[in-house]
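K.L.:
Put together the whole structure using the sequences plus the hints.
Note that the sequence shown covers residues 0 to 88 in numbering that gives the first Met the number 0.
Since the hints were made in silico from the structure, they are not lab data. Careful: at least some of the hints might be erroneous.
[To be verified] The calculated lysine to any residue pairs, modelled on SDA-like cross-linking and capped at a C-alpha distance of 20 Å, are:
#1 LYS14 to SER39
#2 LYS14 to ASN31
#3 LYS47 to ASP22
#4 LYS14 to ALA30
#5 LYS51 to LEU23
#6 LYS51 to ARG13
#7 LYS51 to ALA83
#8 LYS51 to GLU11
#9 LYS14 to LEU55
#10 LYS51 to VAL65
#11 LYS14 to VAL65
This structure is a prediction, so every number in the text was calculated from the model and none was measured.
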Amino acid sequence: MDKKPIKSQDVEVRKGPWTMEEDLILMNYIANHGEGVWNSLARSAGLKRTGKSCRLRWLNYLRPDVRRGNITPEEQLLIMELHAKWGNR
Numbered sequence: 000m001d002k003k004p005i006k007s008q009d010v011e012v013r014k015g016p017w018t019m020e021e022d023l024i025l026m027n028y029i030a031n032h033g034e035g036v037w038n039s040l041a042r043s044a045g046l047k048r049t050g051k052s053c054r055l056r057w058l059n060y061l062r063p064d065v066r067r068g069n070i071t072p073e074e075q076l077l078i079m080e081l082h083a084k085w086g087n088r
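P.N.:
Structure follows, in structure tokens:
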């Protein structure tokens, strides 16, 4: 009768660097099913990662529209203008 709810601590969660295989699983899952509730997505995709880890990996590294490299002089100027106007907000 004493049922204990499954907590995220009860499930083995992988930590550390992501492997190429995990990246492919996440990219394929999102390509087929789209983004959603990240904790459910992590479980459904079969990744032993937290939802937060999956979300951050997708948003910061794997999304197709993530830009890499240096900022342009125009972007630098815009940053300086906005900082002069708004400060560190």
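K.L.:
Next step is simple, just say for each hint if it's right about the structure.
P.N.:
So, going through the hints one by one against the coordinates:
Annotation: proposed proximity of LYS14 to SER39 holds, straight-line Cα distance about 18 Å (limit 20 Å). The suggested pairing of LYS14 with ASN31 is violated, with an alpha-carbon distance near 25 Å, which exceeds 20 Å. A threshold of 20 Å between alpha carbons decides the hint, and for LYS47 with ASP22 the separation of about 12 Å falls inside it, so the pair holds. A threshold of 20 Å between alpha carbons decides the hint, and for LYS14 with ALA30 the separation of about 24 Å lies outside it, so the pair is violated.
Taking the CA atoms of LYS51 and LEU23, the gap is near 17 Å; set against the 20 Å cutoff, the hint holds. A distance of roughly 12 Å separates the Cα atoms of LYS51 and ARG13; the hinted pair therefore holds under the 20 Å criterion. Annotation: proposed proximity of LYS51 to ALA83 is violated, straight-line Cα distance about 34 Å (limit 20 Å). Simply put, LYS51 and GLU11 have alpha-carbon atoms about 15 Å apart, close enough for the 20 Å limit, and the pair holds.
As the CA atoms of LYS14 and LEU55 are separated by approximately 13 Å, the hinted pair is consistent with the 20 Å bound. Restraint check for LYS51 and VAL65: satisfied, since their Cα atoms lie roughly 18 Å apart, inside the 20 Å limit. Of the supplied pair hints, the one linking LYS14 and VAL65 is violated, its CA atoms being roughly 23 Å apart against a limit of 20 Å.
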